[in-house]
Structures are given as C-alpha cells and as structure tokens.
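Number of protein chains: 2
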Amino acid sequence: MLNRSSRMAIKSFLALVFIFYNCANGHGMQAKAKPDPSDAHATARWLVSQNTWGIISTISIDLQGAPFGNVISYSDGPPGQGTGIPYFYLTLLDPTPRDLQKDSRCSLTVSEFPLGTCSGIDPENPTCSKLTLTGKMEALNMSGPVADFASQALFSKHSEMMDWPTDHNFQFFKLNIENIFLIDWFGGPKPLSVAEYLQPGRLVLSS
Amino acid sequence: MLNRSSRMAIKSFLALVFIFYNCANGHGMQAKAKPDPSDAHATARWLVSQNTWGIISTISIDLQGAPFGNVISYSDGPPGQGTGIPYFYLTLLDPTPRDLQKDSRCSLTVSEFPLGTCSGIDPENPTCSKLTLTGKMEALNMSGPVADFASQALFSKHSEMMDWPTDHNFQFFKLNIENIFLIDWFGGPKPLSVAEYLQPGRLVLSS
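Taken in sequence, the protein lines are chains A and B. No gaps in the numbering here: position 202 of the first sequence is 202 in the numbering used here, and each next residue is one more. Count along the second sequence from 1, add 207, and you get the number used in the numbering used here.
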C-alpha cells in the first residue's frame, strides 16, 4: 500500500508523461492526423491547413530581380472552414508586397517539419512532406464578403493582427494558385491538379 | 524518511520536469540563448546556427521564371564551429539545383518561430526574428578541404544524409552571401554588413 507522498509523486509522474508525450510530438494535442501520402490532394490540403506561416518567394526589386524569400503568416480559413487558398495580411513597409506590386508572381512554401510530425526524419527527406503553391498574388478590397472571409480566416488564427498599427495600412491578399508542388514520399513531386486540390469536398480537415 | 518507492517516483518526477522544461522551450536542451535584438550581427548568426532547415528561393525553370521556394536542410558548420555560411546537400533530381545551374541567384530564409523562442508571438511579428541571406549558390568539389568541411558541417547535423542514395548524385553547395535581410525588432530591417556578419569573432554560438 503506497503512502500519500508516493501516490502524489506517481500522479505527478503520469501527468508529466502525458505532457511530455504531447510536447515531444510537436504539440500533438492540436494536430490533425496526416493523410496517407498516397492521397496527394489531401496531404497538400493538410499541410496548408495545419501550418500558420510559410515563406513567400518574390522577385526582389531591392535586389535587382534576385529571388527573395520572406517569413509570412497566413490562413486558408477559420478553423473547420479551410479552403486551401492562403490569405495574407501585409504592409507595404515590408518588401514582399512591394515586390508583388511590380510582379505579382510568387510562391508560398510550407513544410511538415515544424508541425512536429516528421518524428526524427530530416526536413529534406521526401517523407517529411513539403508543399509549394505558385501563382499570382491578388490584393483584396478591404470591405465586402471576400474581405470578411479574409479577416475571419486570418484573425481566427493570428489574433494579434487585429492590434497591428493602423498607420501601417495592412491589406488583405490572397494567392491565386496556378501550380502545386508536393513532395510527400520517394519518387519525386506528386502530380496535382489545382481544381481537384480546391474541391470543397477536401474540407475534411478542421484546424 | 521516504521509502524507496517514494524516492524513485520523486526522481522520475524531477527528471520529467527537466525534460518538459526543455521540450516546452522548443527543445531547449540544444538551443543557445538568443542575443539581444540590438546586436543585429549576433542575432543573424544565431538564427543561422540554431536552424537546420530553411527555404531556398530560386528563379524557376519549370515555372517560366516565377520565384520558387523549396524546403532544404543546411548547416553552417559542425557544433561549435558555425561559420555563418550555409552549406547544402542537393541532388539534380530536385528542381532547386536545376534552377541554380541556369541562374545561381538565390536566397535562404529562416525564422526564429520553429526554434520555439517566439513564446506566443506571431511568426510575422517583427520581434519574432527572421533572416534572409541572398547571394549566389556555388557547387563544391566533392573532395578536398572545402568538401571535408561541408561534409562535417552537414553530416554532424543531418546524419541520415550519409545514407542517402549514391545514385542520386548528391553534391555539396554553399551560398556566397551578398545581402543580409534581418528583422528582429520594430523599425524595419537592420543594416548589416556581410563582412561583419562573417567575422570569425562571431563564432560565439556553439550549436
């Protein structure tokens, strides 16, 4: 029969095991299960819905046309309403939207690795999935139904954006996707159609 | 006087507290303290030494000159010997080095966010630091002192690379840095000289 101090220590032990497991699994308490890699469209949508930031690559004005990547937050929809289309909240004080004013071509790149589900696999290993959406960035009106959706999408996942300085003139943008590059297994990029990727039926992943 | 079961449970408890603390701090067992944001060069070097992957942006051949970002592992040196210069291990089966054969201009972008030290701050918030190194990628000889250093740098942090298929003809590359873009506080990008960034005296961060 264990005494009181033993029981308390054991309970603490079990509690920490639970916490450690979820922490070690990259905050697995919130992650939704990764689809089977053979379902490329679902995997692509999972990557977009689970990540909240990525790198936007643009043609740099400041660097004479060199390719330039920048860390940018995004959202493809409020939790449970992911669309596969990334929305952004950008200020012209940042080089990325200035580049896009001149040349709207860009890509958004995200990785499975920061989600914590690559489990010891190297970020460059093809089984640690990665996705690049390429297309043209569109600046959105700041009022109307599209703006309403953009604000719900972004502010539900990036609540501090609502307090960002108004004199920075942040604006909503969305990426009109023209090409999808996905690596989620050996054998090279998976063939992916944008139309199938955007299907509403892909809304299987609440995030 | 505690009995044996109590002592064992308490030791387990303390061990898990230690593990949890480091896990919750973004695998803090290995993370070195972030420099003061006012020391831009040290912050830039810290970001490069602490991250092990980033996004390389290139001008895409496949996408008719669009900017294209790709998830790539890297290392700036073996632990304790960081140089600030990123080294890569790439195969021409991947679009990135094919793009670089035609146009060697590229950038490497890394974020503080996956290090776990942004502590609830949004990835796009300027106090969650981010860095983009732009320059020209150089393919390295696969033998000699530079190759030796590249292999030590990469394989010490990405040990599975040593087992990647030889018929993929992986090759070492390094980025010859021409421009540094760092955001680590409010007020826009920090002015940074490449020469000062590369100073050996910056080797203060063992990683």
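FYI, nobody ran anything at the bench for these hints, they're computed from the structure. A few of these clues could be false.
As the list claims (entries may be wrong) - Taking lysine-lysine pairs in the DSSO-like style, the calculated list, with each CA pair at most 30 Å apart, reads:
#	chain 1	residue 1	chain 2	residue 2
1	A	K102	A	K136
2	A	K157	A	K190
3	A	K136	B	K239
4	A	K34	B	K364
5	B	K343	B	K241
6	A	K102	B	K397
7	A	K190	B	K364
8	A	K136	B	K364
9	A	K157	B	K239
10	B	K364	A	K102
11	B	K397	B	K343
12	A	K32	B	K343
13	B	K397	A	K157
14	B	K343	B	K239
15	A	K190	A	K32
16	B	K309	A	K136
17	A	K32	A	K157
18	A	K157	B	K309
19	B	K239	B	K397
20	A	K190	B	K239
21	A	K136	A	K157
22	A	K190	B	K309
23	A	K136	A	K32
24	A	K102	A	K34
25	A	K34	A	K157
26	A	K102	B	K343
Structure-based check of each hint:
Between A/K102 and A/K136 the alpha-carbon distance is near 11 Å, which keeps this suggested pair within the 30 Å criterion. Among the hinted pairs, A/K157 with A/K190 is consistent with the structure: their alpha-carbon atoms are about 29 Å apart, no more than 30 Å. For the hint pairing A/K136 with B/K239, the CA-to-CA distance comes to about 39 Å; that exceeds 30 Å, so the pair is violated. A threshold of 30 Å between alpha carbons decides the hint, and for A/K34 with B/K364 the separation of about 26 Å falls inside it, so the pair holds.
At roughly 28 Å between alpha-carbon atoms, B/K343 and B/K241 fall within 30 Å of each other, so this suggested pair holds. With a CA separation close to 24 Å, the supplied pair A/K102 and B/K397 stays within the 30 Å bound. For a cut-off of 30 Å, the pair hint linking A/K190 to B/K364 stands: about 28 Å separates their Cα positions. This hinted pair does not check out: A/K136 and B/K364 have alpha carbons roughly 36 Å apart, beyond 30 Å.
Straight-line distance between C-alpha atoms of A/K157 and B/K239 comes to about 29 Å, which keeps the hinted pair within the 30 Å bound. About 39 Å separates the Cα atoms of B/K364 and A/K102, which puts this hinted pair outside 30 Å; it is violated. Pair hint B/K397 plus B/K343 holds up; C-alpha atoms about 21 Å apart against a cutoff of 30 Å. For the suggested pair A/K32 and B/K343, the alpha carbons sit about 39 Å apart, so the restraint of at most 30 Å is broken.
Our distance criterion of 30 Å between C-alpha atoms is met by B/K397 and A/K157, whose separation comes to about 28 Å. Only pairs whose Cα atoms come within 30 Å are accepted, and B/K343 paired with B/K239 is accepted, the gap being roughly 29 Å. Under the criterion of a C-alpha separation no larger than 30 Å, the hint pairing A/K190 with A/K32 is consistent with the structure, at around 22 Å. For the hint pairing B/K309 with A/K136, the CA-to-CA distance comes to about 23 Å; that is within 30 Å, so the pair holds.
Restraint check for A/K32 and A/K157: the C-alpha separation of about 15 Å stays at or below 30 Å, so the hint holds. Taking the CA atoms of A/K157 and B/K309, the gap is about 39 Å. The hint is violated against a cut of 30 Å. At roughly 22 Å between alpha-carbon atoms, B/K239 and B/K397 fall within 30 Å of each other, so this suggested pair holds. A distance of roughly 38 Å separates the Cα atoms of A/K190 and B/K239; the hinted pair therefore is violated under the 30 Å criterion.
In summary, the hint linking A/K136 to A/K157 is supported, as the alpha carbons are separated by about 23 Å, within the 30 Å threshold. About 24 Å separates the Cα atoms of A/K190 and B/K309, which keeps this hinted pair within 30 Å; it holds. Taking the CA atoms of A/K136 and A/K32, the gap is near 29 Å; set against the 30 Å cutoff, the hint holds. Taken as a hint, the A/K102 and A/K34 pair is broken in the structure, with Cα atoms around 37 Å apart against an allowance of 30 Å.
Taking the CA atoms of A/K34 and A/K157, the gap is near 20 Å; set against the 30 Å cutoff, the hint holds. In summary, the hint linking A/K102 to B/K343 is supported, as the alpha carbons are separated by about 23 Å, within the 30 Å threshold.
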